[in-house]
Amino acid sequence: GAGVSQSPSNKVTEKGKDVELRCDPISGHTALYWYRQSLGQGLEFLIYFQGNSAPDKSGLPSDRFSAERTGGSVSTLTIQRTQQEDSAVYLCASSLGQRDTQYFGPGTRLTVL
Amino acid sequence: AQSVTQLDSQVPVFEEAPVELRCNYSSSVSVYLFWYVQYPNQGLQLLLKYLSGSTLVKGINGFEAEFNKSQTSFHLRKPSVHISDTAEYFCALIAGAGSYQLTFGKGTKLSVIP
Numbered sequence: 427g428a429g430v431s432q433s434p435s436n437k438v439t440e441k442g443k444d445v446e447l448r449c450d451p452i453s454g455h456t457a458l459y460w461y462r463q464s465l466g467q468g469l470e471f472l473i474y475f476q477g478n479s480a481p482d483k484s485g486l487p488s489d490r491f492s493a494e495r496t497g498g499s500v501s502t503l504t505i506q507r508t509q510q511e512d513s514a515v516y517l518c519a520s521s522l523g524q525r526d527t528q529y530f531g532p533g534t535r536l537t538v539l
Numbered sequence: 176a177q178s179v180t181q182l183d184s185q186v187p188v189f190e191e192a193p194v195e196l197r198c199n200y201s202s203s204v205s206v207y208l209f210w211y212v213q214y215p216n217q218g219l220q221l222l223l224k225y226l227s228g229s230t231l232v233k234g235i236n237g238f239e240a241e242f243n244k245s246q247t248s249f250h251l252r253k254p255s256v257h258i259s260d261t262a263e264y265f266c267a268l269i270a271g272a273g274s275y276q277l278t279f280g281k282g283t284k285l286s287v288i289p
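Going down the list, the sequences are from chains V and U. For what it's worth, this note's numbering labels the leading residue of the first sequence as 427, then goes sequentially. For what it's worth, this note's numbering labels the leading residue of the second sequence as 176, then goes sequentially.
Rather than coming from a laboratory, the hints here were simulated on the basis of the structure. All values derive from a computational prediction rather than experimental measurement. For every residue, glycine included, the Cβ atom is placed at its ideal position computed from N, Cα and C. A few of these clues could be false.
Facing chain U, according to a computed beta carbon distance under 8 Å, are these residues of chain V, among others [as the list claims (entries may be wrong)]:
(1) G466
(2) Y474
(3) G477
(4) F491
(5) G498
(6) V500
(7) T502
(8) L517
(9) T527
(10) F530
(11) G531
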């Protein structure tokens, strides 16, 4: 079946602009995760959604970052007033439940000029 | 807090030779361990995982790893590599029965030389 999909695959933006990154998880997966992959920091956890529970936002680096998950499926990660240090690959993953195998999407490469 | 250390950032190896990618971890609670592979411009793909039971875990593409609790290690091995194994490999853990976020190592770039 279809895997995790993310859009856009690449995004170039100017410093100070807002961006939205989209993730479509595998159908039926109740858990959804966002991670960030950057040269300096490696792979970092950002946020976790599980069903209708309140998300775990403990990994978000600043209040410029937010995420939502509508209808228990699609998720959008929003970065406001982007900074150059936000440049990274943003990876989305989903799993059947907590601690089940996380399946990753291809990522969105964000470049902030 | 937990952490994962991948001791080698780059490993070159000749085709058909064996390879070992090293991973050590630190955690004050029980862990679940994973190896992921990332091919260029692609997402992460699970190679294998250790949750419990047998300490020798076999994964896809001929890879295997052994969980060693006393040495806090989870090294990845393959007896004979192929050109197609050229990729970056990440060791990761989930710490504690109630946790879910993956903590990753910095990655090891495996280059297979023809």
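For each hint, the structure was consulted:
1. G466: Constraint on G466/V not satisfied, violated at 10 Å.
2. Y474: 6 Å, holds
3. G477: The hint is violated - G477/V has no Cβ within 8 Å of chain U, the shortest such distance being about 12 Å.
4. F491: 16 Å, violated
5. G498: The hint is violated - G498/V has no Cβ within 8 Å of chain U, the shortest such distance being about 16 Å.
6. V500: 17 Å, violated
7. T502: 18 Å, violated
8. L517: 6 Å, holds
9. T527: 6 Å, holds
10. F530: 4 Å, holds
11. G531: Cβ of G531/V sits 5 Å from chain U, so the hint holds.
Taken one by one, the earlier hints fail for this structure at numbers 1, 3, 4, 5, 6, 7, listed in ascending order.
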